[in-house]
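Quick note: to get our numbering, add 207 to the position in the sequence shown (first position is 1).
Since the hints were derived computationally from the structure, they do not count as laboratory data.
All C-beta atoms in this analysis are idealised placements derived from N, C-alpha and C, irrespective of residue type, glycine included.
Please note that a few of the clues may not be correct.
Across the chosen pairs, the derived CB separations fall in these ranges [unchecked claim]: (1) 575 - 457: 31 to 39 Å; (2) 457 - 389: 36 to 44 Å; (3) 425 - 392: 34 to 42 Å; (4) 347 - 263: 47 to 55 Å; (5) 389 - 651: 35 to 43 Å; (6) 476 - 350: 31 to 39 Å; (7) 641 - 408: 47 to 55 Å; (8) 458 - 404: 50 to 58 Å.
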Amino acid sequence: MTAAPVPPAASHAASAFSWRFVMPLFTGSAINAINTSLIATALVPIAAAVHVPVGRTAVLVSALYLACAIAQPVGGKLAEEFGPRRVFLAGVLIVLAGGVVGGLGEGLTALVVARVLIGVGSSAVYPSAMLLIRRRAAAAGLDAPPGGVLGGLMIAGAATSALGLPIGGVLVDVWGWRTTFLINLPFALLALAMAFCWIPADPPVADPPVTRPRTLRRLAARLDVVGIVGFGGAIAALLVFLTGLPQAHWSVLGLAVVIGGGLVWWELRAHRPFFDVRLLARNPALTRTYLRFALAGLCVYTVLYGLTQWLQAGRSMSSQEAGLLLLPMSALSALIARPVSQRNLVRMPLIVAAVSCLAASAGVLALTASTPIVWIVAITLVFGVTLGTTISANQTTLYTQVGAGEIGTAAGLFRTFGFLGSIASSALISVVFHTQVNDHRLHLIALIMVTVSVLGLLVVVTDRTVMARARA
Numbered sequence: 208m209t210a211a212p213v214p215p216a217a218s219h220a221a222s223a224f225s226w227r228f229v230m231p232l233f234t235g236s237a238i239n240a241i242n243t244s245l246i247a248t249a250l251v252p253i254a255a256a257v258h259v260p261v262g263r264t265a266v267l268v269s270a271l272y273l274a275c276a277i278a279q280p281v282g283g284k285l286a287e288e289f290g291p292r293r294v295f296l297a298g299v300l301i302v303l304a305g306g307v308v309g310g311l312g313e314g315l316t317a318l319v320v321a322r323v324l325i326g327v328g329s330s331a332v333y334p335s336a337m338l339l340i341r342r343r344a345a346a347a348g349l350d351a352p353p354g355g356v357l358g359g360l361m362i363a364g365a366a367t368s369a370l371g372l373p374i375g376g377v378l379v380d381v382w383g384w385r386t387t388f389l390i391n392l393p394f395a396l397l398a399l400a401m402a403f404c405w406i407p408a409d410p411p412v413a414d415p416p417v418t419r420p421r422t423l424r425r426l427a428a429r430l431d432v433v434g435i436v437g438f439g440g441a442i443a444a445l446l447v448f449l450t451g452l453p454q455a456h457w458s459v460l461g462l463a464v465v466i467g468g469g470l471v472w473w474e475l476r477a478h479r480p481f482f483d484v485r486l487l488a489r490n491p492a493l494t495r496t497y498l499r500f501a502l503a504g505l506c507v508y509t510v511l512y513g514l515t516q517w518l519q520a521g522r523s524m525s526s527q528e529a530g531l532l533l534l535p536m537s538a539l540s541a542l543i544a545r546p547v548s549q550r551n552l553v554r555m556p557l558i559v560a561a562v563s564c565l566a567a568s569a570g571v572l573a574l575t576a577s578t579p580i581v582w583i584v585a586i587t588l589v590f591g592v593t594l595g596t597t598i599s600a601n602q603t604t605l606y607t608q609v610g611a612g613e614i615g616t617a618a619g620l621f622r623t624f625g626f627l628g629s630i631a632s633s634a635l636i637s638v639v640f641h642t643q644v645n646d647h648r649l650h651l652i653a654l655i656m657v658t659v660s661v662l663g664l665l666v667v668v669t670d671r672t673v674m675a676r677a678r679a
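Can you build the whole structure from these sequences, using the hints too?
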């Protein structure tokens with residue numbers, strides 16, 4: 208009995224995406240995911256060590272969010288212009304510097320600088336990885352997205368985010384808060400060594416010598432530095448407003464609107480825009496992908512951080528215990544994401560993501576301080592279904608919605624919208640739990656999550672491009 212022949216596409220994918228090629232991409236992507244939540248368990252000991260109120264250490268969380276939200280698309284733009292391998296290696300080196308600065312820092316300012324460096328460096332990895340994968344697939348003659356590779360990248364870059372809480376709790380309890388910074392060193396060194404040895408060098412610049420930038424002005428125009436600065440200013444002002452809630456600084460929100468309006472005006476006239484407004488206008492399917500990802504991210508991160516606070520305040524759990532309670536959610540999302548990505552599924556995973564998010568958000572309405580742990584775990588597992596399906600399907604959709612020359616910046620913006628969802632969740636938690644954490648306030652958060660979930664479901668079922676495609 209002879210073995211079934213291997214499809215040519217599968218054979219090409221297996222030879223093009225060897226474990227040596229993908230391992231540095233997966234390792235580098237995990238750095239950003241873990242750091243988003245790693246610091247949570249270290250805020251109290253850091254405040255005691257640097258002699259500041261605990262509330263002031265929240266800047267360590269917002270600094271990373273701000274750096275990542277701005278740096279993700281910037282990293283993608285740089286990867287498109289200068290080569291993804293170069294930008295990948297530079298990003299890992301910046302992470303290495305951030306780990307050293309944070310591990311040796313003595314004051315809050317040094318730790319903020321370290322978190323910004325880690326955010327900027329790790330943000331260069333994902334869009335560079337997406338561009339490397341896209342070019343590799345094109346070189347191998349693959350028409351369909353390499354689903355197995357995209358699934359592995361998703362698991363490393365997003366599904367591992369819940370690991371930061373229990374890992375941080377163990378590190379802080381055993382070796383102290385500095386290890387939440389120093390833990391980046393082995394990851395960064397490993398990713399650096401593997402990328403340097405196993406990722407092929409970038410090809411020479413494709414532009415003819417006449418058009419290569421010879422002056423700073425030409426280089427600035429090629430990168431659209433004005434657009435990058437405008438985008439960063441608008442995002443920074445918006446995040447300052449959101450993180451300042453429940454105290455509303457309307458002048459800051461107005462500044463965000465003004466800078467955003469100026470950014471749109473400039474980008475409509477730029478020859479090589481950084482934030483391609485025309486692309487979003489002529490590609491509404493891509494815009495809806497960003498919106499779906501942000502809405503799902505808002506609900507998932509609200510559970511990740513809001514439910515953790517409620518468990519600690521309402522059920523007297525330690526941060527480590529609360530983090531471990533969320534581990535099954537992360538594990539289930541990883542188990543679901545891989546087969547969804549391998550098959551390049553789009554329609555059904557997005558429907559499942561929207562419905563499961565709505566069902567789990569409604570389940571939070573039934574939680575009380577006396578609810579058995581098993582039911583809390585069950586609700587978080589449903590959110591695990593949401594996380595695994597929404598990231599994998601939206602990432603596959605994104606891969607097919609933009610050209611190879613735009614995938615870096617588009618992938619960076621994809622992650623930026625995810626961070627906007629997480630920042631909005633932080634603002635929601637801050638407003639509702641501002642004075643007290645109890646069952647009633649948790650149910651208020653759940654009602655808002657139900658509303659957001661209904662909106663997300665409508666975005667999916669009314670999207671003809673999604674409903675017409677079973678797979679990419």
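Hints, one by one, checked against the model:
1. 575 - 457: 31 to 39 Å: The hinted range 31 to 39 Å holds for residue 575 and residue 457, with Cβ atoms some 36 Å apart.
2. 457 - 389: 36 to 44 Å: Taking Cβ atoms as reference, residue 457 and residue 389 lie about 41 Å apart, which means the hint holds.
3. 425 - 392: 34 to 42 Å: 38 Å, holds
4. 347 - 263: 47 to 55 Å: Because 51 Å falls inside the window, the suggested range holds.
5. 389 - 651: 35 to 43 Å: Since residue 389 and residue 651 have Cβ atoms about 39 Å apart, the given range 35 to 43 Å holds.
6. 476 - 350: 31 to 39 Å: 35 Å, holds
7. 641 - 408: 47 to 55 Å: 52 Å, holds
8. 458 - 404: 50 to 58 Å: 51 Å, holds
When held up to the earlier numbered hints, the structure conflicts with none and fits them all.
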